[in-house]
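Asker: With the hints as extra help, turn the sequences into a complete structure.
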Amino acid sequence: MTFWLLLTVNSVTFGGLLFLLSAGFSLIFGLMRIPNLTHGSMFMVGAYLGTTFFSGALGFTLNFWLGAILTALEVAVLGALMERLLLRRLAGQQLAQVLVTLGVSFMVADLCLMAWGGDPISVETPPGLGGFIRIGTAAAPLYRLAIIGIAVVFAIALWLMLERTRLGAMIRAGVDDPQMARVVGIRVSQLFTIVFGLGAGLAGFAGVIGSPILSVYPGLDQDMLPLALVVVILGGTGSLLGSFVGSIIVGFIYNFGQALVPELAYFILFLPMVLVLVLRPQGLFGGQVL
Amino acid sequence: MSRKSTSRKVSRRAVLAGTAAGAAAALTRFSAPAIAQAEPFKLGLLTVKTGPLAQGGIQMEQGVLTFLKEKNYTMAGRKVDFISADTGGNPAGTKTKAQELVERDKVDVILGPLAAFELYAISDYIKEQKMPTLSLAAADNLTQRTPNPFLLRASATSSQAMHPMGHYAATELKYKRAFCIVEDFAFGYEQMGGFQASFTKDGGCVVNKLWPPLVTPDYTPYIAQISDCDVVCQGFAGSNPLRFMKQYAAAGLKYPVVTGETGGDDALLKSYGEEAIGLVSCCPYTLDLPIDGNQRFIDGMLKNYDTVPGQYAGLLYVNCQVVEAALKAAGDATDKEKFMTALKAVSLTDTPRGPLKFDHFGNVVGNFYIRRIGTEGAKYGLKLWNKTIKTYENVSQFWDWPEQEYLAHPVYSRDYPPLTKC
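Sequence lines, in order, name chains A and B.
First residue of the first sequence: 189, per the numbering used here; consecutive thereafter.
First residue of the second sequence: 21, per the numbering used here; consecutive thereafter.
Hints were generated in silico from the structure; no laboratory data involved.
Please note that the accuracy of each hint is not assured.
[Stated by the list, open to error] So these bits of chain B aren't anywhere near chain A, every CB distance computed over 10 Å:
1) T116
2) P167
3) T236
4) D238
5) R263
6) K290
7) L368
8) L427
[Unchecked claim] Not everything, but these chain B residues come out facing chain A in the computed CB check (under 8 Å):
9) L230
10) W231
11) P237
Note that beta-carbon positions come from the ideal geometry of N, C-alpha and C, so glycine has one too.
Answerer: The structure is reproduced here in structure tokens:
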């Protein structure tokens, strides 16, 4: 019983973290039609920047949540700059853009190694969330439960943004049909920058939020990127609902798969992706933003 | 942060300077017909300075450079050219870099590589080239059932530290039922095989063994399966032990944990938090060893790199001492077979890991230290400290089995030794 409960809580938590990571990835994929291979790097950069704010290496120490928000803003700016300065020049050449993002991800990985060294960095759980809630004999860490809450808040906020705001309407139009969106006067290229920045910021934020669980180490980017890819392929590109459902599904498959059939850990994770690609290539919720 | 990055720059610059000096020396060699003795001794290092394995790889280079700086870039009276190559942590890169070191740079000896799969990739090549190689990689069989005559290992085989760990857990800590968890690769199988073999020999029993993939961001699904035991043995490497211990504590588990050389490495002390207190490990190198050879090494690391060393740096420093001793004994290293014999005959006492010698396979026979993490006695600005609680002396790769009996078994693997009913 304890076993199942722990796994279930953990699945939802991991799904929540994956949602924060992959929502932006999915929007970028849907709008710009490129898998942004720097997305894992944004996650890692966020995690590293977070540790810098918390460690006091800059001469001051920030509160965990304040640090997370500041990091998200910084990474968002980084993402927007990358879109403006690099990807913009290759507009329309999707293959070239993918290669550029891959190249940048290698560079970011080694820059992080130079700046922060190779030692893994452990991040303290934010104060007040270090304990457990005991459910019968099982212990559910408070922080993991908090992550679920954060993911839900972000899901609702993103949904409201896409559903109720002018910007959201433009993004939806862009995902739906970029040519048509241009024709009706939406500045799609500006949208690209905004969405790229937003996606990067979310990934950076996820990096900070994930760091107390995952710790921060070189290679974190390459560990997370495939998971984001699986989520997005499962849920469908450009779909918020898709990334939410996809994240939870992957969270469950990842946890239960590893616990029940550890020999097939990787296989189990990628099997649903293959099935979706064969049976429903657009993903479970592909083609619809919400 | 910035301090760290400067220290790396310095080290790179030092390497560059070293290579530049080497190039200059090579040029002057042609202009003036020098005597044989004056020719520099060429020391090659295969390490990993980029990617996820870089933490250990950078420490390896720092260990070598600390030795060279202490000796003013000489070994046995000869000037040393140091050539460091970054393999990128993959077998193909290792092969290329090994060829570069041997064929272009014409090194006299190779230190490294770091990982077992890297060593396997070049094992045949170094045999064919008769290139003396002092490896850090732990792959058991290369000094056992399929020995490579040009390999010397002053560190340990994968299972060498786990044998005493299993013995200590069974006899002194009095544990009966162990639950093993380690990465799903050869280093992991061999570690747990070693633990199981000696633990069961002394009356313990292994309840289950779990093999998470090398890349596992969240260990909780595995941790959830740990039950019905009185000790957990983890053998994680790199940054994985850090994450495992944290998630283990977060899941509320209270079984004591024991581990091997990578799980309790002193280099992790600055990253570990409260969750690691009480972790018992067995390691061929320990910061806590109060002998001159170790103090000299630690002071050098602190002075040159402002970093507290772990076993990767410590064991590479030891490798350099071994090379120097062999060079003194053999006179020079042009005859590779003679030099290899000299290397295997080396016996030292004042190394950072204490006394050591080699068996006829070229694997180390030396001290292994059982340590427990606590706050007491912490030095060098660390909050945690690995305190030595027992020293096993003259530990060979065969532990206390007779060599023939040990070699008659298959190499430790996922399925060997098999799990028995407890």
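Asker: State for each hint whether it applies.
Answerer: Evaluated hints:
1. T116: 18 Å, holds
2. P167: Consistent with the label, P167(B) stays out of reach of chain A, its closest Cβ about 32 Å off (over 10 Å).
3. T236: 8 Å, violated
4. D238: 6 Å, violated
5. R263: With a cut-off of 10 Å, R263(B) comes too close to chain A, as the shortest Cβ separation is near 5 Å.
6. K290: 7 Å, violated
7. L368: 29 Å, holds
8. L427: Consistent with the label, L427(B) stays out of reach of chain A, its closest Cβ about 29 Å off (over 10 Å).
9. L230: 6 Å, holds
10. W231: At 6 Å from the nearest chain A Cβ, W231(B) passes the 8 Å test, so the hint holds.
11. P237: 5 Å, holds
Against the hints set out earlier in the document, violations occur for numbers 3, 4, 5 and 6.
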